[in-house]
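S.K.: Respectively, the protein sequence lines represent chains A and B.
Counting from 1, position 159 in the first sequence corresponds to residue 159 in the numbering used here; the numbering is continuous, with no gaps.
Counting from 1, position 241 in the second sequence corresponds to residue 241 in the numbering used here; the numbering is continuous, with no gaps.
Mixed in with the good hints there might be a few duds.
What the hints assert, rightly or not - Computed, partial: chain A to chain B, Cβ under 8 Å:
1. A131
2. G153
3. W155
4. A217
5. A228
6. L234
7. E250
8. L273
9. W318
10. P337
11. C348
None of these hints come from the bench; they were simulated from the model.
It should be emphasised that the depicted structure is a prediction, and the values quoted were computed from it without experimental measurement.
Even glycine gets a Cβ: it sits at the ideal position worked out from N, Cα and C.
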Amino acid sequence: MSPVADATRPAPAARDDAPRAMLAGLRVVEVAGLVAGPYCGRILAALGADVVKVEPPGLGDPARRREPFLGGRTGPEDSALFFSLNCNKRGVTLDVGQPAGRALLGRLLERADVLIEDLAPDRKAEVGIDAASLGRLNRALVAVSITPFGVTGPWRNYRAYELQVFHAGGEGYLLPNGLALELFPERPPLKIGGLPAQYQAGLSAAAAVAAALIARAGDGLGQSIDLAQRDVQLVLSCMALQRYTDGVLEHRTTRSFRYGGVLPCADGYVALLTLEQRQWEGLVAMMDNPEWTRDERFRDPIRRAEHGAEINRKLRAWSRTHTVAEVLARARRHGVPVGQFHSPADVCESRHERERGFFQEVPHHELGFIRTPTFPFRFSATPAMLRKGAPRLGEHNRAVYQDELGLSAEELAKLVSAGVI
Amino acid sequence: MKPPLDGVRVLDFTLHNAGPFATMLLACMGAEVIKVESAMRLDIHRRPHPVYGRLDVPNFEQVQMRKRSVRLNLKDPRGIELARALAKVSDLVAESFRPGVMDRLGLGYADLSKLNRRIILLSVSAAGQTGPERENPGYAPIFGATGGLGYLTGYEDGPPVEIRHIMDHSVGLSAACGALFALYHQRRTGEGQHVDVSGQEVASSLIGEYLVEYAAGGRSAARMGNADHIMAPHGVYPCAGKDRWVAIAVGSDAEWLGLRAAAGDPGWASDGRFDDAVGRWTHRDEIDRRLAEWTSRHAAEEITRRCQAHGVAAIPSMSPADIHADPQTEARDMLPTIEHPRHGRRRAVRPPWKFSRTPADAVGWSPDLGEHTAEVFGELLGLSAAEIESLVEARVIY
Chain A
1 MSPVADATRP
11 APAARDDAPR
21 AMLAGLRVVE
31 VAGLVAGPYC
41 GRILAALGAD
51 VVKVEPPGLG
61 DPARRREPFL
71 GGRTGPEDSA
81 LFFSLNCNKR
91 GVTLDVGQPA
101 GRALLGRLLE
111 RADVLIEDLA
121 PDRKAEVGID
131 AASLGRLNRA
141 LVAVSITPFG
151 VTGPWRNYRA
161 YELQVFHAGG
171 EGYLLPNGLA
181 LELFPERPPL
191 KIGGLPAQYQ
201 AGLSAAAAVA
211 AALIARAGDG
221 LGQSIDLAQR
231 DVQLVLSCMA
241 LQRYTDGVLE
251 HRTTRSFRYG
261 GVLPCADGYV
271 ALLTLEQRQW
281 EGLVAMMDNP
291 EWTRDERFRD
301 PIRRAEHGAE
311 INRKLRAWSR
321 THTVAEVLAR
331 ARRHGVPVGQ
341 FHSPADVCES
351 RHERERGFFQ
361 EVPHHELGFI
371 RTPTFPFRFS
381 ATPAMLRKGA
391 PRLGEHNRAV
401 YQDELGLSAE
411 ELAKLVSAGV
421 I
Chain B
1 MKPPLDGVRV
11 LDFTLHNAGP
21 FATMLLACMG
31 AEVIKVESAM
41 RLDIHRRPHP
51 VYGRLDVPNF
61 EQVQMRKRSV
71 RLNLKDPRGI
81 ELARALAKVS
91 DLVAESFRPG
101 VMDRLGLGYA
111 DLSKLNRRII
121 LLSVSAAGQT
131 GPERENPGYA
141 PIFGATGGLG
151 YLTGYEDGPP
161 VEIRHIMDHS
171 VGLSAACGAL
181 FALYHQRRTG
191 EGQHVDVSGQ
201 EVASSLIGEY
211 LVEYAAGGRS
221 AARMGNADHI
231 MAPHGVYPCA
241 GKDRWVAIAV
251 GSDAEWLGLR
261 AAAGDPGWAS
271 DGRFDDAVGR
281 WTHRDEIDRR
291 LAEWTSRHAA
301 EEITRRCQAH
311 GVAAIPSMSP
321 ADIHADPQTE
331 ARDMLPTIEH
341 PRHGRRRAVR
351 PPWKFSRTPA
361 DAVGWSPDLG
371 EHTAEVFGEL
381 LGLSAAEIES
391 LVEARVIY
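One chain only, chain A, in its complex shape:
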């Protein structure tokens, strides 16, 4: 199949009977970079909010300079990370470190419903967006702060990237398990691929904003929310933290599935898990009832768990002689939970996801339409729509500062030359 960026593909026509956007009319200001804050903003933007992304003049959001890039280009408008996180938003530049920049930010916030920001805890008051200042500025504002460790506590000013947030959260120490651990027992603990802790923080921030909007629908009052990326990891790792209180210290060497997990096939890998007796019976059947499965040691779940290593040896020997497609077909026939480890290409080419409409064609100002993932919840009455690509740096300066805040062309030019905008 050919790559899916296609400049000739037409934009989906806007229909009169198109469902109303859920958050139409909601004004959001995003003073955040990289992934967590922008992912929160992206969710609101896809649901119809007007999200104005505020970036530092000059370099803009650091995501603009991060891999992966679009089609081998490496300019500030070419980051796949930036594009995918910022579609549907408008973009302005503003140096919030300068007094004139702070004043303009204040004017944006006076008329906003939601602020998403990720400034370091000690910088918030300086810029005038600490909880107390915001409360005076706009009592209806819902403001969410996203920082690595939160705005309180002894680690509040600790520096952290994805790697630190993840390893502070509990899951990092427990990875890898299963096959990867057996092959490389001496290697360091492992992070999950990509930047998932940042996305999970963005999702949590969006959930918190929705809850605060529900509260505001009752009494008209906003509030501020302190969200720590690390705290998100703690609640996502709650099973291991709970087990510790049950008296069990989980460790990557002891929490692997007793049997099943990652199976190497002739041409790739699958994950397999049989938690129920009928699923084990299906597994035996899908291997054509080999002699070894009738052994006393594998008769019930407890004994199978005790002899899991033996089962894995046999299972992997079997799977290595079969292709992924064969294993999947047999598993489906016998009701065994199995899934292929899909590469990004596999996910993009998935017929299932195409039919579900997981991807939408989003316009890029030079590359045409790029098939972009929407997000993991689908609303029947108020679907999310990614209609516009990510803003170029400062693309909407005039629209926002002149047309909406009422600055004159001269004032705008002065602020630009002073490096404020």
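Given chain A, put chain B in place with the hints provided.
M.R.: What follows is chain B alone, placed relative to chain A:
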């Protein structure tokens, strides 16, 4: 102040981890969550889990905290009638059966919206409610694999890795997020809807940039261990003690200078090849070896203290025991102690958001099986004690 979901009632048919995590978050935000379960097929945390290596049954389950539990036999038509009666007086129904099961039970969105046009149905499944693979079964490691996240996780030269509870819980977090926006829309317009959450799409959403990279004609990304595309050093390094590690990342020249200072300005680090980001990334294996020699002589906490004092991102790779003892967890009250009249005391994990006005991070115990059966059927449906008793005898409440 009242919590944000005060007055919201959730009827919860979800099982295992993903769905229950979502409704747990709603319960912590103040919703009344009624967990519908049955002795006929106990939820996973109410029975031993040998494949996971857990043979006991805990008396607390984090993902069920603050819920009420009722027993109901959905194989009996009278059980379905009671479920429909509860849905009629609820704001949201949550379920995680295979797609199609709710329809067969007469509890699908079409049925429920006829009973209650405001109702939100939150469906959580491995692959979503539509599409050719909707019937595929799935546990976290499976939809973590099919969604692409598992493929990108692993050492560069090794196999992919199964993603465990954190995958389930990411699905739950996504589902809670979707539910909250649907509740906001319901509050403003009175309109309900069906919210479809796919586990594999949750996994795919966490690697969105790599999907866009490929879709725009680029490569299909591969596993890269603990490495980063542009940062170096960027890894997990051995420390003094058994199985102790520290995660260090350097994202700028200033941070590199900070790391050199934290390490006591060793001679090797002043090599001009390491002066800029490209040089450090090119020679990252060499830097990693040198850095490990330094880190392995000190405790992870000491390396962290020195690095952070110089503005360098570093943190120990923290075990559950470390987290239960760290001062930041304590200061933010993330593992509060809860108490139960019979089960005693233990610690729960708090939801991650701290609201200034409407508290949204309450914790509490998880219910025993059917603990609230009499209260719920009595209060919400007006059944008498005798009626409830006869439904128990008839194994409708079972």
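S.K.: Once the shortest beta carbon distance from P337(A) to chain B is found, is it less than 8 Å?
M.R.: Hint on P337(A): holds, closest Cβ of chain B at ~4 Å, below 8 Å.
S.K.: Holds or violated: W318(A) as interface residue toward chain B, Cβ cutoff 8 Å?
M.R.: 16 Å, violated
S.K.: Can the hint on L273(A) be confirmed by a CB-to-CB distance to chain B that is less than 8 Å?
M.R.: Holds - the Cβ of L273(A) comes within 8 Å of chain B, reaching about 5 Å at its closest.
S.K.: Taking the least C-beta to C-beta distance, is A131(A) closer than 8 Å to chain B?
M.R.: Holds, because the Cβ-Cβ distance from A131(A) to chain B comes to roughly 6 Å (cut-off 8 Å).
S.K.: Does the CB of C348(A) sit less than 8 Å away from some CB of chain B?
M.R.: 5 Å, holds
S.K.: For the restraint on W155(A), tell me whether the closest CB of chain B is nearer than 8 Å.
M.R.: 4 Å, holds
S.K.: Holds or violated: is there a CB of chain B closer than 8 Å to the CB of G153(A)?
M.R.: 3 Å, holds
S.K.: Was the hint right that E250(A) lines chain B, CB cutoff 8 Å?
M.R.: 6 Å, holds
S.K.: Can the hint on A228(A) be confirmed by a CB-to-CB distance to chain B that is less than 8 Å?
M.R.: With a minimum Cβ separation of about 6 Å from chain B (threshold 8 Å), the hint on A228(A) holds.
S.K.: A closest beta-carbon separation below 8 Å is what the hint needs, so does A217(A) meet it against chain B?
M.R.: Because about 5 Å separates A217(A) from the closest Cβ in chain B, which is inside the 8 Å limit, the hint holds.
S.K.: When the nearest CB of chain B is found for L234(A), is that gap smaller than 8 Å?
M.R.: 5 Å, holds
Taken one by one, the earlier hints fail for this structure only at number 9.
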